[in-house]
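Protein chains in written order, with our numbering: chain L, 1 to 313; chain H, 314 to 937; chain F, 938 to 1218.
There could be a bad hint or two in this list.
Facing chain H, a subset of chain L residues (Cβ under 7 Å, in silico) [said to hold, decoys possible]:
1. L17
2. A50
3. K54
4. G75
5. F145
6. T215
7. R232
8. V247
9. V294
10. V295
No lab work stands behind these hints, which were simulated from the structure alone. The beta-carbon is built from N, C-alpha and C at its ideal position, and this holds for glycine as well.
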Amino acid sequence: MLSFIGKRLLSGIFLLLVVTSGTFFLAHVAIGDPTQGLLGNSATPAQSAALRTKIGYDDPLLVQFWNWLSHAVTGDFGKSWRSFQPVNDQLGRSIPITLSIVVFSLIISVVFGAVIGIVCGLRPGGWLDRVLKVASVVLFALPGFWISIQLVMLFAVNLKWFPSVGYVSPSVSFVGWIETITLPSISLALGAIVMIAEQLRNGFIEVANQDFVRTLRARGLPRRRVTTHVLRNASPAALTVLALMFVGLLGGAVIVELVFNMYGIGRYTQQSSQIGDIPSLLGVTAVTVAFVVVVNFLLDLVLGWVNPKVRER
Amino acid sequence: MTTAPFPTTLAPVKRVSLLRRFMRKPLGVTALVLFLIVVALAVFAPLFAKFDPNHVDFNLVHAVPGTDGHLLGGDTAGRDLYSRLLYGARTTLWGALITCVAGLVLGVPAGVSAGYFAGGTVDKVCSWISDALQSVPALIVLLVVAAGTGQSFPIMMISLGVFLAPGYYRISRARAMSVRREPYIDAARVSGMTNGRIIRTHMLRAVYAPLVVQSALTAGIAIGMQAGLQFLGIGSASTPSWGQMMNDGFINITAFPIILLWPSIILGVTIATLAFMGSTLGDLISVRAEQPTRKLRAKARQVMLTPPAAADLPTRQTSGMHAHSVEGCALRVDNLRIGYATKDGGVKEVVRGVSLDAAPGEVLGIVGESGSGKTQTSFAVLDLLPAGGTAVADGIWIAGKEVGHLPTAERAALLGREIGYVPQEPMTNLDPCYTIERQLVEPLHRVHGMSKADAAKRAREMLVRVGITDPDRVLRSYPHQISGGMAQRVLIAGAVSGRPSLLIADEPTTALDVTVQAEVLELLRELQQEYGMALMIVTHNFGVVADICDRVVVMKDGRIVETGAVERIFRNPEDPYTAELISASLDDVEGRHELDEAWSAGPTGSAGPAGHSTAHAGGEDGAR
Amino acid sequence: MSETGIDGGAPLLTVENLVVDYRISRKVRFRALKGVSITVGAGECVGLVGESGSGKSTLGRALLGLAEASEGRITFDGRDITHAKGAARRKLANDIQVVFQDPYGSLDPTMTVEEILAEPLQVTGTPKAKAKATVAEMLDRVRLPGDAVHRYPSEFSGGQRQRIAIARALVRRPRLIVCDEPVSALDLTTQATILDLFIDLQRETGVAYLFISHDLGVVRRVCHRTSVMYQGEIVESGDTHTVTGSPTDPYTRRLLLAAPVADPARQAERRAAWLGLRESA
């Protein structure tokens, strides 16, 4: 078990390293000279040269990479090339916003997804199951931002139940926080709910048709106990989807935030991308991937606990 | 030597092409038609749209639909919305095509090779890259790409394809891996095919259909993400796009919501049509059999309960007979019929009127070939038919009590108490997620109300009783850590731990090695005598019947052809089918030696050695 | 019978001290074959009997190049084929073919019978017309009607599929066919007809079989000589009549007595003998 944990942890760290360095070189190759984007078209060559020196752009690429990496491992992502404020400050402001939406939608989708999935798994062919089948097809494919725009149209503009834009920190007003993140979270969660439900339902039905379930029933076990067995066997597939979904939710949040005019990592990335602010882009990438790695790791632990065969690998 | 005669032609088969089956699905057809309309609009945009999508007319700013022949009105900058919508469709579909092709080109060859050489370096590297790509929020990296590439549309769409390639990769790898294990791939290698050729033919054939489905889904997702990027302002301003139009509309959502409406509708509809096409196709090629709806099942039950027409009577009357009185029976089944609801609302009867019984302490064998309905009969006694199955009987008695008409819950209460069940395949009949101890203790604790400690003690005793020499290790083990023979002993221990009066064993030794089979048969015999249980053993093996049974029921095509005491059946089978089955066993036939001697003595053909093979002529029939 | 083929010449196939290891993980290896020797003569049928894990299938796979030999030698028709790879191995397809157990998995479900049977011929560049004629001939040989060519495997019964698999093994007119449990997935009555077909084909074409089975009865019916395998080793070999009739090795005796016979009185005697053997062990 310990070696299993160690292996998963190491592979996560390796992934983080590969993705960030990949992004570093990709950004440098793609952007080239950043000064035009940073200073605008009116900049004189002298101004550009001064900025290049200031941000260390004249150093060889590998030196720049080493400088960035050696700081990044200590948690310092350097300074923005635009504002010269520490990237960490900006991340500290935007991440809570994005994370609020992502975590809230994750909770919504797990709760509703699990309940709907189990109900449909227990009664395949029932009305909820048929609704799920159609809903899963549509909601899985429609992008979160499209859904969020329709929700804004309906609830914020027409019904005026929710504020249409802005973000309120929970430290300012908890109710305000809930109010502002509810619509964006729901728009992200709809797709995730049907995905979890569909996965759980299919897994449930598949397991329920396996031989050992008949044998358990033949031993006289009450239905509820048998369901527990089925659920435990069906859960790994649904849990794996959960990891993919977390990534999907993070990506979806980037656009949904903009729809709701929130200054999360989506807006931050978009702006940094427009001007070619590489340290900010790297900071965002590193932190989001780190979140994904942590979530995947936790999930591996849960999977190992649920399925004894995984532990031995 | 003769060989059995064969039909000179095969029975005709009905084959329905995938396309035709797709055309029978209203949802799929609707989606296809809508999608084709969108495609047509895109392809013939210059014909359908009268106005230049980029022409700015200040009179048209926020114009309502219908103004001056502008079908949908104008946008914030005063451009014709209808034209922009049509030209936007071109952008959208072109982008989706690029993305799908990029995903296919990257994902499929890698996936098929990784699956074919599963566990090798290619597999490890490709799978790691695929996992890594799926761990990165694509939009963020795409924004990085967009930062530098001068917002080139094809490059953006190819990059998007890179992030969607894992979808293709996973599906082709999984398919290739399962196909790789099929013997036909080994056979292809043995027939001298190179790996490259096998991958190009057998492997690609196997992944082809799932890839079509995946492409429909990927195209939908690609269109959504493309619109999302355009919504963020990525992409050339001079190229009309739906995402851009949504952004324009969204900015004016309160004042001019109608501008947002058109791109929302066409984007939503296009994505939905792709999704529905994909899911309809997916349902058609899926191996997972969807269970018949409740309505169909109810209908099937109704059909089964209707008394048969007089013309059908000979084949619908009960077959088999009873040897004991109702009161003295551990098991009695009277005119059992089992049917499965079919998709077209009909019923397929797999057991068509069967009567049998067994007294306490008696071993009843149910013997027949595959498809004879012997296993279904045992499931019906347990009331554990697979989903979609319905059993109808004049009566089912367990321990002298009629239970066939009891509600489901009361039938279920007999299991584990009055009836024990030993399954065929030991390895798939234990829950892989729990230890053996947990699986043995749980029924004793929950069903028989023992304390957990007592149950654990009893479980250990039972393992010792079934001949397991290291019960403590086995109790701690998970099912995959023990052998098949051991697992079957565990299952037997579980089946008899509730001291049932009737033990139903469904091919209990078929999956086991011969030497283990003998041990398990011996164990079943011992336990049956020790507990005085009735044992109903389902088997295809007349050796097993001869070994353990007192009486035998021979089944064929869902009916009983003969019932009788075991000695009588073997000595003097009344039904020719029984005789044929018994003679098919290879115990007493001539060995190769005798066969060859007879052949070289006089290969006259008609005098095949002992006429043996001609006796089997009926064994094989036409197409299934 | 001698260790040579029926015609008394040098054996077609010779396996000497063959060792095969399977890698379970990076460090752990499992020795599936522990130095096995066997010969098959031209036109002869040699049986290989054992239970699961005895290594009988591994031996077959090693002959076919599907499992890698660690030690020992496999000689076919005087050539050392132990480590034949690539083109050399593909050339062997002319001489050595296979029939597998699973009548469902051994045919590509997406191909018609004609495509399945023509494939081994196309590999060698046989012209289409000639391939077609050969396919028709082989279908006739395995007693399937000619209109089977346009059918898919799913449209046949288990026994018929096994006939198709046998036809595929025959199209290249090989000299040896490795039969890996070819009848164990079939119903009893079908099993008997397929066994008779194997015998007939051997007489008609002179092909040799290495016949792998767990069932002594099956082996007795078709094999001239038989070897019994247990835990990666051959514990007894010889004339089938002797091996299946009066075995000397204790494991073979246990194996023989453990298989129940379809006769209550004789089975009772057998069981008593088996119990006696178990007590003494």
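Tested hints:
1. L17: It is violated, given that the least Cβ distance between L17(L) and chain H is near 11 Å, above 7 Å.
2. A50: violated (22 Å)
3. K54: violated (20 Å)
4. G75: Violated, because the Cβ-Cβ distance from G75(L) to chain H comes to roughly 19 Å (cut-off 7 Å).
5. F145: holds (5 Å)
6. T215: Check passed: Cβ of T215(L) comes within 5 Å of chain H, closer than 7 Å.
7. R232: Hint holds; R232(L) Cβ to chain H Cβ min 5 Å, cut 7 Å.
8. V247: holds (6 Å)
9. V294: Violated, about 11 Å.
10. V295: violated (9 Å)
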